[in-house]
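J.: This is what each chain is made of:
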Amino acid sequence: MTAVLELDAVSKRIGGAYLNRDVSITVRQGERRALVGPNGAGKTTLMNMASGVLRPSEGRVRLLGRDVTSLPVHRRARLGLARTFQITSLLPAMTVAENLAIAVQATSRGRADPLRPWSRARAVWARVDELLERGGLTRIRDVPVGRLAYGEQRRVEIVIAVANPCSLILLDEPGAGLSSEETEELLSLVFGLDPRLAVLFVDHDLDLVFRLATHVTLLNFGEVVAEGTPAEVRAMPVLREIYLEVDADA
Amino acid sequence: MNRSASTLAAAGAGLAVAAAPFYLDVFQIGLVARGLVWGLVALSVWFLLRLLNLPSFGHAAFFGLGAYAAGLAVTRWGVDNVFLALGIGVGVTCAAALPIAAVAARLGSIGFLLITLAFAEMLRSLAMRWRAVGGSDGLTGIARPGAGPLPVDLAGPVTWFYFTLACTVLCLLLLWAVRRSAFGGVLVGIRESEERMRALGYRVETYKAAAVVLSAGVAAVAGVLHAYLIRFASPEDLSALVSARGLILVVLAGSALVPPVLVAIALTFGEDLVSSRTENWLALMGLLYVVVALSGREKDRAPRRIALAVRRRLDPVPQEKP
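Those protein sequence lines, which keep their order, are chains A and B.
Residue numbering for the first sequence follows the working numbering, beginning at 1 and increasing consecutively.
Residue numbering for the second sequence follows the working numbering, beginning at 251 and increasing consecutively.
Since the hints were made in silico from the structure, they are not lab data.
None of these values were measured; they are calculated from a predicted model.
Just so you know, even glycine gets a beta-carbon here, dropped at the ideal spot from N, CA and C.
One should not assume that every hint holds.
[Unchecked claim] Cβ-Cβ distance ranges computed for the label pairs, FRET-style:
id	chain 1	residue 1	chain 2	residue 2	range
1	B	520	A	149	46 to 52 Å
2	B	453	A	228	52 to 58 Å
3	B	409	A	133	55 to 61 Å
[Claimed, not checked] Away from chain B, derived, C-beta distances all over 12 Å, residues of chain A:
id	residue
4	3
5	51
6	67
7	106
8	176
9	184
10	192
Just chain A, same shape as in the assembly (with noise of 0.2 Å):
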């Protein structure tokens, strides 16, 4: 199958630290790759550098075949890279329904007209209440998004990140705050909406990790310590080296 994101040896320097060492990941076409690992391990990092928020000291980014390493972040979402945040960022004054057109538009040619009103943008606004509809979020179409609860919120997010065509998505923490029901069900939501859509997710609950992922990264001190299928890696001792002390100290 294709690979839609290609980290090829990529590190990331500062000073003379390493938060990433040589790092490749190939995440292809429908594969739902978890990235996991103590904290500190470099996973936003690695996220970010996928994303284009930070550019690697060294090695390649490809993106469906594509060298896109110089490519800053709105070039990238542009080619069908979609992303949600560690941090739950969203437009928090402006209503879910808004959020959405926001994010419909941005591929759309009247995203920059001055002068029609926004409200009369049919084409629009019908997709909106379609992914809204989609999301399960119609009944809380027009409230602003700064009053949703936290829940709420984190599905408004990945909605948006989706609301366009897009190849590859990256999910940092999506559970972060969240229970393990509700992470659950904000990952089926990702999964279920389109067979081939390829995504990366960061999480740190790894029996949801191993249950719902087909392929696990583990990362620990920037580097690829282990990689395969959750069954794979689960048998492997290195995991349970790195996680021994979460889990006695769990």
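Following the hints, put chain B in place on chain A, whose structure we already have.
T.: Frame of chain A, contents of chain B only:
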């Protein structure tokens, strides 16, 4: 106040302004025209502050550029058409605003405030030293150009007042339309979260720069009208006082679109009233600004909060309801 009541109030005030020549003397009509000019400055500042949360402290640059362009158009370039002069003023200003906008759009609100101030001060010192545009004496002898196809003589105070009013209303409508357009929605989105907008594929800097240029264009209209109103353009038009006044008007007026214009007119009248009684009128004005600034961070409700604060002072014991 609910929506329809405030619409009604704005309409009433608009009518009162439009009918001004029927109940005011020539001097006072001039004051209203001046108030409208400041209203335009306030509108241009309002646009950036309310939609993008960018406080500009450099709109004097755009106001002054418009004023100088208008003055040079009639005194040096032989232009005798007010629409052409407006076009030149806005065109020159927007062209000059483009590089400023490109730099300023990369900054957050404090950085934006400082860089716009820096640009305005640069232009002011340039105008002070440049003999060809009058240096520190400014441009004198600016006559109002003809009205082009319109069968009116703009030299009269009443016709000029109505011309100014028409320009103000057009700019008001333009900004109103932009606010409720898709572009306006994107600007509000950028105000809310630049990071999110980038992740969605919006080139944030371009939108911010476009908004700055649009705002500069409105400030330029004000500058052109001001130069023709007082028949004079000087480095003072580029001074930080102009920028400060624009910002203060917006802070005084709250978040709606029409109030800045009305507040500008009221304040122009107030200044005239106070300055005819005392030499220290600037101090009084300063006091008013201080009170508003102190009456809360929630600038939207400044007038009501002042009223509340005053009432608390006068009536310190909270009244119990029966």
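J.: Could you tell me whether the CB distance from residue 453/B to residue 228/A stays inside 52 to 58 Å?
T.: Violated: the Cβ-Cβ distance is about 39 Å, outside 52 to 58 Å.
J.: Test the statement that residue 67/A is away from the interface with chain B: the closest C-beta pair must be farther apart than 12 Å.
T.: With a cut-off of 12 Å, residue 67/A remains clear of chain B, as the shortest Cβ separation is near 19 Å.
J.: Just want to verify: residue 184/A was marked as not at the interface with chain B; is every Cβ pair farther apart than 12 Å?
T.: 24 Å, holds
J.: Does residue 192/A really sit off the interface, with its C-beta more than 12 Å from all C-beta atoms of chain B?
T.: Since the minimum Cβ distance to chain B is about 22 Å, residue 192/A lies beyond 12 Å and the statement holds.
J.: Please check whether the beta-carbon of residue 3/A is more than 12 Å away from every beta-carbon in chain B.
T.: 22 Å, holds
J.: Decide, holds or violated, for the assertion that all CB atoms of chain B are farther than 12 Å from the CB of residue 176/A.
T.: 16 Å, holds
J.: Would you say the C-beta atoms of residue 409/B and residue 133/A sit inside 55 to 61 Å of each other?
T.: 57 Å Cβ-Cβ, so the 55 to 61 Å window holds.
J.: When you look at the beta carbon of residue 51/A, is every beta carbon of chain B farther off than 12 Å?
T.: Per Cβ check, residue 51/A is inside 12 Å of chain B; nearest 7 Å; violated.
J.: Is the hinted range of 46 to 52 Å satisfied by the C-beta distance from residue 520/B to residue 149/A?
T.: 48 Å, holds
J.: Checking a non-interface call: every C-beta of chain B should be farther than 12 Å from the C-beta of residue 106/A. Is that right?
T.: Given a closest Cβ separation of 4 Å, the condition is violated.
In the structure shown, a violation is registered for the earlier hints numbered 2, 5, 7, in ascending order.
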